[in-house]
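Asker: Residue numbers (the working numbering), protein chains in the order written: chain A, 1 to 414; chain B, 415 to 828.
It should be emphasised that the hints constitute simulated quantities derived from the structure, not laboratory data. Virtual Cβ for every residue (Gly too), placed ideally from N, Cα, C. Warning: the hint list may mix true and false statements.
[What the hints assert, rightly or not] Rough simulated footprint, nothing fancy, chain B against chain A, three-plus residues with beta-carbon under 8 Å:
| hint | region |
| --- | --- |
| 1 | 16-28 |
| 2 | 94-104 |
[Unchecked claim] Beyond 10 Å from chain B on every Cβ pair, some chain A residues (computed):
| hint | residue |
| --- | --- |
| 3 | Ala84 |
| 4 | Arg120 |
| 5 | Asp142 |
| 6 | Gln287 |
| 7 | Gln297 |
| 8 | Ala321 |
| 9 | Asn371 |
| 10 | Thr373 |
| 11 | Ile375 |
| 12 | Ala400 |
[Said to hold, decoys possible] So these bits of chain A aren't anywhere near chain B, every CB distance computed over 10 Å:
| hint | residue |
| --- | --- |
| 13 | Ile3 |
| 14 | Ser62 |
| 15 | Leu122 |
| 16 | Asp188 |
| 17 | Cys190 |
| 18 | Glu217 |
| 19 | Asp293 |
| 20 | Ile294 |
| 21 | Ala358 |
| 22 | Thr377 |
| 23 | Glu388 |
There are 2 protein chains.
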Amino acid sequence: MAILVQKYGGSSVADADCIQRVAERIAETAQAGHQVVGVVSAMGDTTDDLIAMARQVSADPSDRELDLLLSTGEVISCTLMAMALRTLGRSAVALTGPQAGIRTDAAFRQAQIVEINPERMLRELERGTIPIVAGFQGMTDDMDVTTLGRGGSDTTAVAVAVALKAEYCEINTDVEGVYTADPRLVPDACKLDVIRSDEMLELARHGARVMHPRAVELGDVYGMPVVVRSSFSTEPGTLISRGDDMALEARQRVRGIAHDVDVGRVTIAAVPDRPGIAYAVFDALAQAAINVDIIVQDVDREKESNLSFTVGRDDLEKAVAVVRPVAAEVGAQDVHASADLAKISIVGSGLSLGPGYAARMFGALAEADVNITSITTSEIRITCLIPESDVPRAARSLHAAFDLDEESLTGVAS
Amino acid sequence: MAILVQKYGGSSVADADCIQRVAERIAETAQAGHQVVGVVSAMGDTTDDLIAMARQVSADPSDRELDLLLSTGEVISCTLMAMALRTLGRSAVALTGPQAGIRTDAAFRQAQIVEINPERMLRELERGTIPIVAGFQGMTDDMDVTTLGRGGSDTTAVAVAVALKAEYCEINTDVEGVYTADPRLVPDACKLDVIRSDEMLELARHGARVMHPRAVELGDVYGMPVVVRSSFSTEPGTLISRGDDMALEARQRVRGIAHDVDVGRVTIAAVPDRPGIAYAVFDALAQAAINVDIIVQDVDREKESNLSFTVGRDDLEKAVAVVRPVAAEVGAQDVHASADLAKISIVGSGLSLGPGYAARMFGALAEADVNITSITTSEIRITCLIPESDVPRAARSLHAAFDLDEESLTGVAS
Numbered sequence: 001m002a003i004l005v006q007k008y009g010g011s012s013v014a015d016a017d018c019i020q021r022v023a024e025r026i027a028e029t030a031q032a033g034h035q036v037v038g039v040v041s042a043m044g045d046t047t048d049d050l051i052a053m054a055r056q057v058s059a060d061p062s063d064r065e066l067d068l069l070l071s072t073g074e075v076i077s078c079t080l081m082a083m084a085l086r087t088l089g090r091s092a093v094a095l096t097g098p099q100a101g102i103r104t105d106a107a108f109r110q111a112q113i114v115e116i117n118p119e120r121m122l123r124e125l126e127r128g129t130i131p132i133v134a135g136f137q138g139m140t141d142d143m144d145v146t147t148l149g150r151g152g153s154d155t156t157a158v159a160v161a162v163a164l165k166a167e168y169c170e171i172n173t174d175v176e177g178v179y180t181a182d183p184r185l186v187p188d189a190c191k192l193d194v195i196r197s198d199e200m201l202e203l204a205r206h207g208a209r210v211m212h213p214r215a216v217e218l219g220d221v222y223g224m225p226v227v228v229r230s231s232f233s234t235e236p237g238t239l240i241s242r243g244d245d246m247a248l249e250a251r252q253r254v255r256g257i258a259h260d261v262d263v264g265r266v267t268i269a270a271v272p273d274r275p276g277i278a279y280a281v282f283d284a285l286a287q288a289a290i291n292v293d294i295i296v297q298d299v300d301r302e303k304e305s306n307l308s309f310t311v312g313r314d315d316l317e318k319a320v321a322v323v324r325p326v327a328a329e330v331g332a333q334d335v336h337a338s339a340d341l342a343k344i345s346i347v348g349s350g351l352s353l354g355p356g357y358a359a360r361m362f363g364a365l366a367e368a369d370v371n372i373t374s375i376t377t378s379e380i381r382i383t384c385l386i387p388e389s390d391v392p393r394a395a396r397s398l399h400a401a402f403d404l405d406e407e408s409l410t411g412v413a414s
Numbered sequence: 415m416a417i418l419v420q421k422y423g424g425s426s427v428a429d430a431d432c433i434q435r436v437a438e439r440i441a442e443t444a445q446a447g448h449q450v451v452g453v454v455s456a457m458g459d460t461t462d463d464l465i466a467m468a469r470q471v472s473a474d475p476s477d478r479e480l481d482l483l484l485s486t487g488e489v490i491s492c493t494l495m496a497m498a499l500r501t502l503g504r505s506a507v508a509l510t511g512p513q514a515g516i517r518t519d520a521a522f523r524q525a526q527i528v529e530i531n532p533e534r535m536l537r538e539l540e541r542g543t544i545p546i547v548a549g550f551q552g553m554t555d556d557m558d559v560t561t562l563g564r565g566g567s568d569t570t571a572v573a574v575a576v577a578l579k580a581e582y583c584e585i586n587t588d589v590e591g592v593y594t595a596d597p598r599l600v601p602d603a604c605k606l607d608v609i610r611s612d613e614m615l616e617l618a619r620h621g622a623r624v625m626h627p628r629a630v631e632l633g634d635v636y637g638m639p640v641v642v643r644s645s646f647s648t649e650p651g652t653l654i655s656r657g658d659d660m661a662l663e664a665r666q667r668v669r670g671i672a673h674d675v676d677v678g679r680v681t682i683a684a685v686p687d688r689p690g691i692a693y694a695v696f697d698a699l700a701q702a703a704i705n706v707d708i709i710v711q712d713v714d715r716e717k718e719s720n721l722s723f724t725v726g727r728d729d730l731e732k733a734v735a736v737v738r739p740v741a742a743e744v745g746a747q748d749v750h751a752s753a754d755l756a757k758i759s760i761v762g763s764g765l766s767l768g769p770g771y772a773a774r775m776f777g778a779l780a781e782a783d784v785n786i787t788s789i790t791t792s793e794i795r796i797t798c799l800i801p802e803s804d805v806p807r808a809a810r811s812l813h814a815a816f817d818l819d820e821e822s823l824t825g826v827a828s
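Looking at chain A on its own, in the form it has when it is part of the complex (with noise of 0.2 Å):
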């Protein structure tokens, strides 16, 4: 029998009518024929609520401490799942993470998964009792309770399909699955059937939120197929894998747009260009654990240039402060930052075959009067830093540009 990974996140589970639900759906994949895993996430708000307890009794939690508080959550979400599974009379196991097997570093609040000891969870499935596993969590080797950071949830169900040996892992949301562009922004978006799990990876990266770039790459490494489909509808969703069997000439084309708005950028202006300088922003940046995106440097005048490079917004402030002293040291004159950008991305398996895509974005985004600020590249995605209020408008146009919504009409090949 196969095994079948089911994650539901936060809106999915987020009362005891959801909850429910939830359990019906994972009970009737099971009575067609599954061992199904289920892999939950902290209902609604409940993260958010236990940040705010943590503040009332300390301005800065340690982060130990936060992330045992933060994994009740999950823990209170799976054991409820479980009992509503065997109010449904289906056998089922709430796990921790701990329990389950997750074995984590321990980097708390961003721990990553070092290795998954599924014995429990196979005992259980051997069984005929389906575990519902409390996602977003693991151990270290000192018992110690570690959170697995931003897309952990994600991350949890892929490595446990992965550990499981798995046929699939489903992802199971509040959306139908991936879109060529955000439905909010442009109203003629298609979903798509099937995407190379490459090409979600560069969506996910810049700013498709379906589904986080960890666990999209955690699929892709160990060639996991991933499917994401809503919680609340029987849609068959879109499926992620590596597809290695994709014609090359389905590939050679635009398959989504991904925008993201958290974007902010600092600006080193009039940087004597001396040797070693890159190397002294970036690596106070790195001490700091900010993360950089996109780097510019363009030479505007003899022996200066301007240096640029993008954070997160809520990293925007700190990356300031830090460049700052960097900057007078090297005799930079000035630091500033902007927060009215953001960045509009089209990803496709086939672009650097292409040479007429770069030039065809860029007309579309002029012909729709978007200013460019930057623009980077990588083998299957092109990017542009463009103004935030403009983001609507390009996803418009460039959705048209390339043929988009047509998607449902062309099909994909598979």
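Given the structure of chain A, go ahead and fit chain B onto it with the hints provided.
Answerer: Only chain B this time, still in chain A's reference frame:
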């Protein structure tokens, strides 16, 4: 440096302010030169709230999942307490029952502690860190989380104190200590400075709510001194200890009065006088896991008798249902239940040495016009079953008859 275990109950950690006040007490105790280990209950009504959540998804939630769910209550309070201590500049670490090395059997909802491996707690103490342990919980050999049932957090505290070879264990609660009687009923009731653990055990078993008999017994068995005191004052409270050095003279007196209104009585009327009938009745009750307290059998007719026993009121209906078919089978006339009785007890180590105590008790009750339904005794206790409505009057008359209001004047040998 002496180890001291401090337990704080649910009302002492009901909200962020309470937690901060308790953290200050713990910090002060550490400052005063103790190696402190904290044990905390769940905040205020958390446990009730969690049970209500379970009932929303299941009319009869499974014990294993309910235990895992309930365990989150103490995990939340211990993490918040550790955070509050760190805010005060103390090194502190929150430990779940499993992390504190508390191993139990697999009797969910009422697990017994099998063993405590104090390695982690000792390691934290050695490095100057205050461990804050989640009360009421432990872990089976299969990594399942259990709860210890009634009196669980008190039991955790005493057991941890025993495992750590602590100097003593402090139970911080919402009363000032152990009183000669319930001060709500007997305005003259006095706080005891010291009480023998066997006397405390009888008081606790027969209605004194200040500490659960299970935890008292554990302290008695292992000779661990326990101090009951208020979380909200600096008064010294009551020392409960084996007291082997107490003079016999000092023991020859009544130490306190306990009352318990959680009494339901089942009477099987006109039971034929044949061997094996009591066995049939009480075996059936044991099978149904109903705890029986007082048993009275009195022959009122030739070859027939009435058989009565008391149970907790929650069990009364179930007990009648269990007993009715047995009664019919053995040819008894009728089974009836009453929930209007209560127990009142006098406790003191010397009672069995002085024959006058029983007579004085019955005399005082008669003078107060209290009718006695049944009487039971132990070496150090006499209990009367009386109408519930007479309890306050009975308590006051006994308190006066045994000169308990002079307690604070005469002092206590210790």
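Asker: State for each hint whether it applies.
Answerer: Comparing the hints with the structure gives:
1. 16-28: It holds, with 4 qualifying residues against the three required.
2. 94-104: Our answer is that it holds, as 4 residues pass the Cβ test (under 8 Å) against chain B, meeting three.
3. Ala84: A/Ala84 is in fact no farther than 10 Å from some Cβ atom of chain B, at 4 Å.
4. Arg120: The assertion about A/Arg120 is violated, with a minimum of 7 Å to chain B.
5. Asp142: violated (8 Å)
6. Gln287: holds (24 Å)
7. Gln297: Consistent with the label, A/Gln297 stays out of reach of chain B, its closest Cβ about 43 Å off (over 10 Å).
8. Ala321: Given that every Cβ of chain B is farther than 10 Å from that of A/Ala321, nearest at about 24 Å, it holds.
9. Asn371: holds (47 Å)
10. Thr373: holds (43 Å)
11. Ile375: Its Cβ never comes within 10 Å of chain B, the nearest being 46 Å, so this holds.
12. Ala400: holds (47 Å)
13. Ile3: holds (21 Å)
14. Ser62: violated (6 Å)
15. Leu122: holds (14 Å)
16. Asp188: Per Cβ check, A/Asp188 is outside 10 Å of chain B; nearest 40 Å; holds.
17. Cys190: holds (37 Å)
18. Glu217: With a cut-off of 10 Å, A/Glu217 remains clear of chain B, as the shortest Cβ separation is near 30 Å.
19. Asp293: holds (33 Å)
20. Ile294: holds (37 Å)
21. Ala358: The claim holds: A/Ala358 sits with its nearest Cβ about 51 Å from chain B, beyond 10 Å.
22. Thr377: holds (45 Å)
23. Glu388: Label holds. Min Cβ-Cβ 37 Å, cutoff 10 Å.
Hint check: violations occur at hints 3, 4, 5, 14; the rest are consistent with the structure.
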